[in-house]
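Asks: Below are the chains, spelled out letter by letter.
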Amino acid sequence: MITLADYLIVSGILFAIGFAGVMLRRNVIIILMSLELMLNAANLSLVAFSRFRVGPTGLPDYNAQVFVFFIITVAAAEVAVGLAILVALYRARQTTDVNDISSLKF
Amino acid sequence: MSPFLFWVFALLTLIFGAAVVINRNPVASALSLVMSFLGLAALFMSLNAYFVGIIQVLVYAGAVMVLFLFIIMLLDLRAEEGRQINWLASAGGVAVALILFGQVFSVINHFAIARKRFPPLPGTTIDDVRNIGAALFGNYNLPFQIVGVLVLVATIGVVLLSKREPR
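As you go down the protein sequences, you meet chains A and B in turn.
Taking the numbering used here, I'd label the letters of the first sequence as residues 35 to 140.
Taking the numbering used here, I'd label the letters of the second sequence as residues -14 to 152.
If we strip away everything but chain A, and leave its shape as in the complex, we get (with noise of 0.2 Å):
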C-alpha cells in the first residue's frame, strides 16, 4: 500500500537530484533546470500532504494546494527573469559557463 512516506521519499529524491545538478553542472540553462526540479520536489510533498489532511467536508486540504499555485507562478516568473538575464549576459561575454563568469569573484 501506498502511504504519505512514499511520496515524501520520492519528493527528497527528487530535491536531492536537483541539488545536485546545481552543485555538478556549470552551464547556468542546466542550473535552472535543476532549480525547478527542486522547486517541483517541494510542490509534490505540497500535494501528498493535501492529500493526506482530509477536512471535516470530505475533501483534501485546499490550502497546500493554493499554495502549489503560487509556487507554480512564482517559478515561471523566475525562469523568465533568469533566461533574460541569461540572454543579456550570452550577449555580453559569449558564454553561459559558470567558470568563465568570475568577475565578482573575490
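Calculated from the structure, these hints are not laboratory results.
A hint or two may mislead.
[Claimed, not checked] If we take Cβ atoms under 8 Å as the criterion, some of the chain A residues that face chain B in the derived model are:
#	residue
1	38
2	42
3	54
4	63
5	70
6	96
7	99
8	104
9	114
10	120
Computed from a predicted structure; not experimentally measured.
Glycine residues also receive a C-beta, built at the ideal position from the N, C-alpha and C atoms.
Fit chain B to the known structure of chain A by using the hints.
Replies: Same frame as chain A, now just chain B:
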C-alpha cells in the same frame, strides 16, 4: 491509485530527473525535464489533485519548457565538449546531495504518522477548480494580487533586460 502505477510514474520522474543532470547536451536535458514533469503531473493526479496536475502539464511541460528550448536554440548551445571535469568538486557535490537526502530520509523514517495510509476521500474532487478558485479569491485574495504585481514586475524586468542598449 494502484502501487504499480505509483512506482512506474515515480521511477519515470526520478530517472528522467537524473537524466537532466547527467546529459551533456542541453536539448536532451530539456526534453528529459519534460518527461520528468509529465511523470510528476501523473503523481499529482494520483493524489486527486487534478487541477494542479493539469496546470503542471500546461505551465511547466508547455510554457516553461518551450522557453528553455527557445533560449537553447537562440544561443545555439552545443554539448559541452571535453572540458575536463573537476573530480574533487563533483565528488563534493554528490556527497552533499547524498547527505541532504540521508537527512530527509531519516526525518521521514522517524515520522510515524507518515506510515499510515491516505484517508478515504468521501467528497468528490471533480470540482477541484471551483474549490481552489474559492480559496484563491476568498482567503488568499491579497497574496493573489501580490503575485499579480510580481508577474507584472517580472514582465517589465524581462523586457528591460533583453532590450539592446542604444550606442
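Asks: Hold the hint about residue 38 of chain A up to the distance rule: shortest CB distance to chain B must be less than 8 Å.
Replies: Constraint on residue 38 of chain A satisfied, holds at 4 Å.
Asks: Just to be careful: measuring from the Cβ of residue 70 of chain A to every Cβ in chain B, is the smallest value less than 8 Å?
Replies: Since chain B brings a Cβ to about 7 Å from residue 70 of chain A, closer than 8 Å, the hint holds.
Asks: Using the nearest Cβ pair, does residue 42 of chain A come within less than 8 Å of chain B?
Replies: With Cβ-Cβ at 5 Å, under 8 Å, it holds.
Asks: Does residue 63 of chain A meet its interface restraint, that is, does its C-beta lie within less than 8 Å of any C-beta in chain B?
Replies: Because about 5 Å separates residue 63 of chain A from the closest Cβ in chain B, which is inside the 8 Å limit, the hint holds.
Asks: Hint residue 104 of chain A vs chain B: min CB-CB distance below 8 Å?
Replies: With Cβ-Cβ at 6 Å, under 8 Å, it holds.
Asks: With a cut-off of 8 Å on the beta carbons, see whether residue 99 of chain A makes it to chain B.
Replies: Holds, about 6 Å.
Asks: Answer holds if the nearest beta-carbon of chain B is closer than 8 Å to that of residue 96 of chain A; otherwise answer violated.
Replies: The hint holds - residue 96 of chain A has a Cβ within 8 Å of chain B, the shortest such distance being about 5 Å.
Asks: Does the nearest C-beta of chain B fall within a distance shorter than 8 Å of the C-beta of residue 114 of chain A?
Replies: holds, 5 Å
Asks: With a cut-off of 8 Å, does the beta carbon of residue 54 of chain A approach a beta carbon of chain B closely enough for the hint to hold?
Replies: holds, 4 Å
Asks: Should the interface hint for residue 120 of chain A be scored as holding, given a Cβ-Cβ cut-off of 8 Å against chain B?
Replies: Holds, about 7 Å.
Hint compliance for this structure: no hint is broken.
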